[in-house]
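All chains, please: the whole structure from these sequences, using the hints.
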Amino acid sequence: MRLATWNVNSIRSRADRVAAWLQRSDVDVVALQETKCRDDQFPEERFADLGYQVAHVGYSQWNGVAILSRIGIDDVEIGFPGQPCWGEDPSTEARALGATCGGVRVWSLYVPNGRTLADPHYQYKLEWLAALRTTAAGWLTEDPTAAVALVGDWNIALENDDVWDMAVFAHSTHVSPPERAAFRAILEAGYADVVRPHTPGPGVYTYWDYTQLRFPRREGMRIDFVLGSPALAGRVTGALIDREERKGKGASDHAPVIVDLAD
DNA sequence: ATGGTCGAATGTCGA
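As numbered in my numbering, the first sequence has no gaps in its residue numbers, which increase by one up to the final residue, 263.
Please keep in mind that the hints were generated in silico from the structure rather than gathered at the bench. Backbone N, C-alpha and C define an ideal beta-carbon position, used for all residues, glycine too. Hints should not be assumed to be uniformly reliable.
To be verified - The following label-pair restraints were derived from C-beta to C-beta distances:
1) Arg24 - Ala181: 35 to 43 angstroms
2) Gly51 - Phe169: 38 to 46 angstroms
3) Glu142 - Ile71: 38 to 46 angstroms
4) Gly201 - Asp89: 34 to 42 angstroms
5) Ile71 - Ala167: 40 to 48 angstroms
Rendered as structure tokens:
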């Protein structure tokens, strides 16, 4: 089974590119983030034509997460239990979608950005990660043998090697100790970064800002992760970051991250 | 060569 995650930065503007990528990548399941559309706007047929079933949640032009699968898509769940919302209305932000595909419980996650260290969105981000940790730890308590994949745009660079220049991020989100601690708490709950062993750094990233020639200058961040439960991590035979997909006109600012699992 | 932001919805904001 080949599983991937990709922040596509608008599925409507990227549908052709995603479809072409699916056709040449031999991916069974892909989790998408930042689809930037409502459910009724999602170009589902484009992917159905290629044999993929689609689950999506999007409430507005912001956020939006999806899972595309050609090996079945069951028990679709919008949001994880205990997921904090921004404001009072839970349907303001679409940031988490779960589905079982080929026996793997896949969660497509778009962790809040945080904006700045002083912004209320930063506290929201930390609360969101803490809630995810509690819930995801519970899944493993219930069933230590569960194959769970927590994948997506985490908006955190865990190690200093995960950004091209730490000095640039001295007072920024994504690298602050509380964010990194919140991420590590999820690792400590039993979920492992299954990609890093196959894509060692330094200089290996998943995201490059559109501005300031960041991509050709190789100035990026590794903020998209596939975390696997013990049962899932034990099945990983390889992983890659598809840097080619960041090239050219019409690319997302994130590259797809792909993991191969033994049956 | 990968290349001086991009996308969705406006009249700007979020990333």
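A range of 35 to 43 angstroms was offered for this pair. Does it hold for the Cβ distance of Arg24 and Ala181? holds, 39 angstroms
Given the hint of 40 to 48 angstroms, is the C-beta distance from Ile71 to Ala167 inside that range or not? This hint holds: roughly 45 angstroms between Cβ atoms.
Quick check: does the Cβ-Cβ distance between Gly201 and Asp89 fall within 34 to 42 angstroms? holds, 40 angstroms
With respect to the beta-carbon atoms only, verify the hint that Gly51 and Phe169 lie 38 to 46 angstroms apart. Given about 41 angstroms between the Cβ atoms, the range holds.
Quick check on a hinted range of 38 to 46 angstroms for Glu142 and Ile71, using CB atoms only. violated, 24 angstroms
Checked against the numbered hints above, the structure breaks only hint 3 and satisfies the rest.
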